[in-house]
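My request is simple: use the sequences and hints to build the entire structure.
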Amino acid sequence: MTTTETPSRKQRGAEKTARIPIKIVPAERLKKPEWIRIKLGAGVEAERFNEIKATLRDQKLHTVCEEASCPNIHECFGKGTATFMIMGDICTRRCPFCDVGHGRPDPLNETEPKDLA
Numbered sequence: 003m004t005t006t007e008t009p010s011r012k013q014r015g016a017e018k019t020a021r022i023p024i025k026i027v028p029a030e031r032l033k034k035p036e037w038i039r040i041k042l043g044a045g046v047e048a049e050r051f052n053e054i055k056a057t058l059r060d061q062k063l064h065t066v067c068e069e070a071s072c073p074n075i076h077e078c079f080g081k082g083t084a085t086f087m088i089m090g091d092i093c094t095r096r097c098p099f100c101d102v103g104h105g106r107p108d109p110l111n112e113t114e115p116k117d118l119a
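Just so we're aligned: 93 in the working numbering is position 91 of the sequence shown, and the numbers increase by one with no gaps anywhere.
Hints listed in this document are in silico derivations from the structure and should not be mistaken for laboratory results. Some hints here could point you the wrong way.
[As the list claims (entries may be wrong)] Straight line, CA to CA, 20 Å or less: simulated PhoX-like cross-link-like pairs of lysine-lysine:
hint	residue 1	residue 2
1	K81	K41
2	K55	K116
3	K62	K12
4	K62	K25
5	K55	K25
[What the hints assert, rightly or not] Just the calculated beta-carbon pair ranges, DEER-fashion:
hint	residue 1	residue 2	range
6	R106	F86	19 to 27 Å
7	R50	R106	32 to 40 Å
8	M89	V27	32 to 40 Å
9	N52	V27	37 to 45 Å
10	F86	A48	40 to 48 Å
11	L118	N52	44 to 52 Å
12	A70	L110	18 to 26 Å
13	K25	E47	40 to 48 Å
14	K116	C72	23 to 31 Å
15	N111	P35	39 to 47 Å
Quick reminder that beta carbons are idealized off the backbone N, C-alpha and C, glycines included.
The following block contains the structure:
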């Protein structure tokens with residue numbers, strides 16, 4: 003079996019979609035219009051966002067928000083909200099539309115329940 007069929011490491015992007023029989027031809031990315039972009043403030047929400055990120059790194063926790071490249075991450079983290087991934091940062095499903103990396107999961111972290119609580 004190839005790595006695409008039974009991945010032993012987290013796969014994203016082209017590696018993840020390589021098993022789809024229809025080949026995707028990359029096209030030039032168009033620049034998003036200015037009106038579609040949000041302006042991030044430097045207020046309380048920005049501080050809270052940085053606090054949440056620091057806590058996640060310190061506790062070695064993973065969130066769906068980060069792993070799925072959620073475009074609304076600043077809104078949620080800025081309000082103190084996060085959706086945690088448990089049992090590591092690798093998803094065992096192979097949804098080609100999702101940006102969460104998939105593959106064979108790493109051994110479980112026995113302290114994760116305590117770290118998450």
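Each hint tested on the structure:
1. K81 - K41: It holds: about 16 Å lies between the C-alpha atoms, which stays within 20 Å.
2. K55 - K116: Distance ~19 Å between K55 and K116 Cα, so the pair holds.
3. K62 - K12: holds, 17 Å
4. K62 - K25: violated, 36 Å
5. K55 - K25: Violated, at roughly 36 Å.
6. R106 - F86: 19 to 27 Å: holds, 21 Å
7. R50 - R106: 32 to 40 Å: holds, 35 Å
8. M89 - V27: 32 to 40 Å: holds, 36 Å
9. N52 - V27: 37 to 45 Å: About 39 Å separates the Cβ atoms of N52 and V27, which means 37 to 45 Å holds.
10. F86 - A48: 40 to 48 Å: violated, 22 Å
11. L118 - N52: 44 to 52 Å: violated, 20 Å
12. A70 - L110: 18 to 26 Å: Since A70 and L110 have Cβ atoms about 21 Å apart, the given range 18 to 26 Å holds.
13. K25 - E47: 40 to 48 Å: holds, 42 Å
14. K116 - C72: 23 to 31 Å: Holds - the Cβ-Cβ distance for K116 and C72, about 26 Å, lies within 23 to 31 Å.
15. N111 - P35: 39 to 47 Å: Holds, since N111 and P35 (Cβ atoms, about 43 Å apart) stay within the stated range.
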